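Visitor: Generate coordinates for the entire structure from the input sequences, incorporating the hints supplied.
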Amino acid sequence: MAAAADDEPDSEPRGPSEEPGPPTTLRVTVRPDGGPVLAAVTASGVFVIDGVQAPARGRWRRVATVRAPLSRDVALALEPAPGFVVWTDHDGVRGRALRLHGARPGLGDPRLLAIPPADGQARYPVVAFGHPDGGLCVLWTSDRMNLALAEERAWGTVQGAVPVPWARDDGEKLAGLDCCRQTSRTGWLLCRTDRGRLLAARWDLTVNECGGWFDLNPPAVPVAAAVACLRTAPFAIAATAGGQLLSVDVRAAADGRTQWHSVDRPQQIRHQPPARVLAADGPRERPEDPGWLALAGNGSVWAMPVTLADGIVECGTPVPVWTGE
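When we follow this note's numbering, the leftmost residue of the sequence shown carries the number 6, and every step to the right adds one.
Possibly wrong hints are sitting among the right ones.
As the list claims (entries may be wrong) - Each computed SDA-like pair below joins lysine to any residue, with the alpha-carbon atoms no more than 25 Å apart:
| hint | residue 1 | residue 2 |
| --- | --- | --- |
| 1 | Lys178 | Gln277 |
| 2 | Lys178 | Thr188 |
| 3 | Lys178 | Asp148 |
| 4 | Lys178 | Thr245 |
| 5 | Lys178 | Arg202 |
| 6 | Lys178 | Gly113 |
| 7 | Lys178 | Glu214 |
| 8 | Lys178 | Gly216 |
Because the hints were derived from the structure by calculation, they are not lab data.
Because the structure is a prediction, the values reported are computed rather than measured.
Guide: Below, the structure is given as structure tokens:
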């Protein structure tokens, strides 16, 4: 199937915001103008929201309704335009073109990007990179043990599932996967396993291959983790069961030149339940601008700008994105 870069946004009338419910999966990516776009999977479906900052508060918009949502995931890729929102479902990996119009995202028609093996399903996790030529590459799994690559390029969809190796021990499964772009042709992958490991690898968008995986050795077992480029450096951010937020410079950690640091939660959310879901992204086009971090606990979703101070991640004033009200 050819990449439909010329999909027009749908023309549904602008209505009230949908009520997504608490997310099991959360993604955030930064627009070229510096604002955050969020996507979430909840028990009600797949949703996206833009314009979370005042005064242009956005509205949650339904992207898809999926079967067995607790085992599904969503990914965002805004670069190059038009962007994509990608999600998993029982019949495969699906995607919609995503254009941003003020506080209302425009969505193209759904397309099937990858089909699972017989008697399989596309499960969590999933991540997506936009190609410099306008195509898309998606990393997904049907069994949480093996990663596969699906590509949609200007000349068509690459058929079949291309294996993507990762440093898995016997019986170890993926609990989460995240990615970030560092340049137009390079990025980073971060995977969290069901054994509490965090593994990172560099991703080459020119050939769609990853380098060697290395263990970031977090000081506590993470329940959620994300990777974001802040001031051109990839940082892993992790949440622990005890409510801690931790961060580390990925490249420096690979060389043994740094250690994990604590990230202070802002006062507005310090007494909220510990985060069980998080997402992060940085502004590649304007690296001097803040990145964004999104946290979800019981009954709330918050987004906040993040900056670096002496190599330590600092949070700005959080914005309530969903509070269950």
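Visitor: Indicate, hint by hint, whether the structure satisfies it.
Guide: Structure-based check of all given hints:
1. Restraint check: the Cα-Cα separation between Lys178 and Gln277 comes to about 30 Å, which exceeds 25 Å; the hinted pair is violated.
2. Between Lys178 and Thr188, the direct Cα distance comes to roughly 29 Å. Violation of the 25 Å bound is thereby established for this hinted pair.
3. Proposed proximity of Lys178 and Asp148 is supported: the alpha carbons are some 8 Å apart, at most 25 Å.
4. A hinted pair counts as satisfied when its Cα atoms are at most 25 Å apart, and Lys178 with Thr245 qualifies at roughly 19 Å.
5. Proposed proximity of Lys178 and Arg202 is supported: the alpha carbons are some 10 Å apart, at most 25 Å.
6. Simply put, Lys178 and Gly113 have alpha-carbon atoms about 33 Å apart, too far for the 25 Å limit, and the pair is violated.
7. Straight-line distance between C-alpha atoms of Lys178 and Glu214 comes to about 20 Å, which keeps the hinted pair within the 25 Å bound.
8. Annotation: proposed proximity of Lys178 to Gly216 holds, straight-line Cα distance about 20 Å (limit 25 Å).
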